[in-house]
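Q: In case you want the letters, here they are:
There are 2 protein chains.
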Amino acid sequence: MRSSQQIRVLAFDVFGTCVDWHGSIAREVNDLGLVGRQGAIDGAAFATALRAGYKPAMARVRSGELGWTKIDDLHRMILDGVLADIGVDLPEADRAYLNLAWHRLSPWPDTVSGLARLKSRFIITTLSNGNLGLLTNMAKAAGLPWDCILSAEVFRHYKPDPETYLGVCEVFDIKPSQMLMVACHKDDLRAAASHGCQTAFVERPLEFGAGVSVDLSVEADFQFHAVDFNDLADQLGC
Amino acid sequence: MRSSQQIRVLAFDVFGTCVDWHGSIAREVNDLGLVGRQGAIDGAAFATALRAGYKPAMARVRSGELGWTKIDDLHRMILDGVLADIGVDLPEADRAYLNLAWHRLSPWPDTVSGLARLKSRFIITTLSNGNLGLLTNMAKAAGLPWDCILSAEVFRHYKPDPETYLGVCEVFDIKPSQMLMVACHKDDLRAAASHGCQTAFVERPLEFGAGVSVDLSVEADFQFHAVDFNDLADQLGC
Chain A
0 MRSSQQIRVL AFDVFGTCVD WHGSIAREVN DLGLVGRQGA IDGAAFATAL RAGYKPAMAR
60 VRSGELGWTK IDDLHRMILD GVLADIGVDL PEADRAYLNL AWHRLSPWPD TVSGLARLKS
120 RFIITTLSNG NLGLLTNMAK AAGLPWDCIL SAEVFRHYKP DPETYLGVCE VFDIKPSQML
180 MVACHKDDLR AAASHGCQTA FVERPLEFGA GVSVDLSVEA DFQFHAVDFN DLADQLGC
Chain B
0 MRSSQQIRVL AFDVFGTCVD WHGSIAREVN DLGLVGRQGA IDGAAFATAL RAGYKPAMAR
60 VRSGELGWTK IDDLHRMILD GVLADIGVDL PEADRAYLNL AWHRLSPWPD TVSGLARLKS
120 RFIITTLSNG NLGLLTNMAK AAGLPWDCIL SAEVFRHYKP DPETYLGVCE VFDIKPSQML
180 MVACHKDDLR AAASHGCQTA FVERPLEFGA GVSVDLSVEA DFQFHAVDFN DLADQLGC
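Those protein sequences? They're chains A and B, same order as listed.
Using numbering that gives the first Met the number 0, read the first sequence as starting at 0 and increasing by one per residue.
Using numbering that gives the first Met the number 0, read the second sequence as starting at 0 and increasing by one per residue.
Simulated from the structure, these hints should not be mistaken for laboratory data.
No residue lacks a Cβ here, since even glycine has one placed at the ideal position from N, Cα and C.
A few of these clues could be false.
Label-pair distances were calculated between CB atoms; the ranges are [as the list claims (entries may be wrong)]:
id: 1; chain 1: B; residue 1: Gly-208; chain 2: A; residue 2: Val-213; range: 55 to 63 angstroms
id: 2; chain 1: B; residue 1: Glu-162; chain 2: A; residue 2: Ala-92; range: 27 to 35 angstroms
id: 3; chain 1: A; residue 1: Gly-80; chain 2: B; residue 2: Glu-162; range: 27 to 35 angstroms
id: 4; chain 1: B; residue 1: Ser-193; chain 2: A; residue 2: Lys-174; range: 40 to 48 angstroms
id: 5; chain 1: B; residue 1: Ser-112; chain 2: A; residue 2: Lys-174; range: 34 to 42 angstroms
id: 6; chain 1: A; residue 1: Ala-83; chain 2: B; residue 2: Arg-61; range: 42 to 50 angstroms
id: 7; chain 1: B; residue 1: Ser-193; chain 2: A; residue 2: Ala-83; range: 40 to 48 angstroms
id: 8; chain 1: B; residue 1: Asp-30; chain 2: A; residue 2: Ala-115; range: 46 to 54 angstroms
id: 9; chain 1: B; residue 1: Ser-216; chain 2: A; residue 2: Ser-2; range: 54 to 62 angstroms
id: 10; chain 1: B; residue 1: Met-76; chain 2: A; residue 2: Leu-205; range: 45 to 53 angstroms
The list that follows gives simulated cross-link-like pairs (lysine-lysine, PhoX-like), each with its CA atoms no further than 20 angstroms apart [claimed, not checked]:
id: 11; chain 1: B; residue 1: Lys-139; chain 2: B; residue 2: Lys-54
id: 12; chain 1: A; residue 1: Lys-139; chain 2: A; residue 2: Lys-54
id: 13; chain 1: B; residue 1: Lys-118; chain 2: B; residue 2: Lys-139
id: 14; chain 1: B; residue 1: Lys-139; chain 2: A; residue 2: Lys-118
id: 15; chain 1: B; residue 1: Lys-54; chain 2: A; residue 2: Lys-139
id: 16; chain 1: A; residue 1: Lys-139; chain 2: A; residue 2: Lys-118
id: 17; chain 1: A; residue 1: Lys-139; chain 2: B; residue 2: Lys-118
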């Protein structure tokens, strides 16, 4: 049941939903002018390769194969692997700097204005697998006006583990139906919905770069479907 | 050694340092017009009695006598005890509302402007024993412009346990000497200093209400001593 009346907290996925990881990483890599075994490295392909390692890395933590490891460290393991695969020999300082590109991701054009409107009526918090330091640095650089920064790091569980969604409800002492999970990823929303949270799908057609198709279809399972954050603010009466 | 050059993160104690718990609680209690066994309840005395239960309640968690219990719940235990002691019979809804007075504490006159200046140069985070929901609601109501809200709740340890100060350093991937602990409580600062953090004492002469004397003496152990947050911003070149 859709009921914006009872919503008190909006929890946002961040990578893809709030910020353009693909475009930002591609830009930084292209600026570096990396050369590998087979010639110049294409930033867009590099960004896609990094991201491909993301869910498998978290799966190792979720399964217990790896102890708790924050995203900065998982990102570094993935980065080292991709660089080795394509034969790029990058000095440690450059490698450390590039790994923090995830702290410098750019917001989508509607993100900051949309969040400011949503913040006027609701508590807006992150609920990201990104670590607290990453999310704080990103918010400061991009001007994201969070009321609170929550992360898998707080709950020591990665999404879609139940402890993350239910952890937000516990932090704010609310029922799941009073929390709206906002994401451009349907699996994230379905997991939140399975615990009774309300859900808002936001279209991010360029998440994986231009020309890569993304499932933007409307699903009856989600309470809200918005083309961007300002559209969501309209629908929520902000 | 005092070195503002290397400071990257300012971690703030909140109750007393950023907000006037005594004045705010006293005002709410006086507004309620409570009557106890011996007549009308004085808000200032009530605030002092509540706060007297604070460290002993956390000590029960720190010692392991109580499992992890967040401040909202410790506050409620203390409130129920004080109301029983003075013979005030308060209905559940009023009791729950009064317990959340800690979410509505007013900032000191310099808090918001000082934090805005300090935020321009440093990451500013809470490091409070207050829980995340409390600190978020307080920030939203009082306009405190935190970059990040960290709490004992994140580390599952109350200050002055080492896990809290060192936890902030881990979150931001910094050395203790790159963190400045800001507080009006010398025991909090001494604990932070014992782990290598830099320290700033801020005078809050009215923390316990008018006429209650507070130790404001300058100590060589602390790198900074400020009369308020704007003075601290001056000293830190913001």
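Q: Please name the hints from earlier in the document that this structure breaks, with their numbers sorted from lowest to highest.
A: 8, 11, 12, 15
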